[in-house]
Amino acid sequence: MEIQLQTRQEAGAQVVAISGDVELHSAASLRQELQRICGQPHAHCIVDMSEVPFIDSTGVGVLVGALKRAHEQGGTLTILAPQPRVRRVFEITGLLDSLIIHDSLQAATGA
Amino acid sequence: MANNESEKISRKPAYDGRVEMKIPASAEWVRVVRLATAGVAGRAGFSYDDVEDIKLAVAEACNNAILHSIGSPQSEPKELPLVTIAWELLDDGLRISVSDTGRLEEPLALKPRSSLAENTVLEQLPESGLGLLLIESLMDEVQHESGPHADTTIHMTKRLVAPVDEGERPFSSARPDPDSPVGQRPAPAQRTQTPTPAR
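As you go down the protein sequences, you meet chains S and A in turn. Residue numbers for the first sequence follow the numbering used here, so the first one is 1 and each next one is one higher. Residue numbers for the second sequence follow the numbering used here, so the first one is 1 and each next one is one higher.
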């Protein structure tokens, strides 16, 4: 199953809402979209993961790549509402320490 | 006859507790393996969280096997090699083996990675190669086996009662109590993880 991606503007940020499993089979489209957004100077990207029940190491790699790109460009990447299983994968892979995670869009946009 | 019926029921299944599946080395099939793994792990008696852990570990092993076989998920070889997944029900857990036929000379995806430091900074985080770290974190025992034709098998075992790693539970009741007699404290169990680098 492919993942569904929907990007919208909200309070000065670009919000990418993902729906589906982020895995080897589906990660390419997410990688492309996040690299596009995070490659823009000073972009604020919010990745809504509330509808992602499963992520594998490929998905983690995509987020690591996007986070690095955002930092290079003086931007930010924020994760919105990851499910407990996804959060656990962030923890094991060491990504949790580098991530900004918010549970609500209001908190993520600082509105 | 009632006697015949009870004989039938008590008869052992005609297999030795091993179930096997072969999939084309294509990322779209990993989801099917995850579903099958959930079924077998549930049958073996694992908790929901353990089943989820096992599913992820098996998916990572399949990812590695697929990348080892075809190079990248986007490549489309004319004939897909097969990846074999075997689930073996043990008395105290589940052993899963994932084998590929290994076309690539350099199995980059299989290079074991030592565990990351606790406060890993972003710059040190790799964008690939995290799969094996996940497998080793989620399963109790992990072994690699390299065959003569660049084929590789990874064996993973999850025990129904995982060995207690005291280092991970600093506030558990098993914490050494200075007032208690030394002889009454249980010795911490050792993890028997034995990752061997792929040749």
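What the hints contain is simulated information worked out from the structure, not anything from laboratory work. Built from N, CA and C at the ideal position, the CB exists for glycine as well. Treat the hints with care, as some may be off.
Partial list, derived from the structure: chain A residues whose beta carbon lies under 10 angstroms from chain S [claimed, not checked]:
| # | residue |
| --- | --- |
| 1 | Val19 |
| 2 | Lys22 |
| 3 | Ile23 |
| 4 | Ser26 |
| 5 | Ser47 |
| 6 | Asp49 |
| 7 | Ser128 |
Now for the hints, and whether the structure bears them out:
no. : hint   : verdict
1   : Val19  : violated, 22 angstroms
2   : Lys22  : violated, 18 angstroms
3   : Ile23  : violated, 12 angstroms
4   : Ser26  : holds, 8 angstroms
5   : Ser47  : violated, 13 angstroms
6   : Asp49  : holds, 9 angstroms
7   : Ser128 : holds, 5 angstroms
The structure fails hints 1, 2, 3, 5 (numbered hints given earlier, in ascending order).
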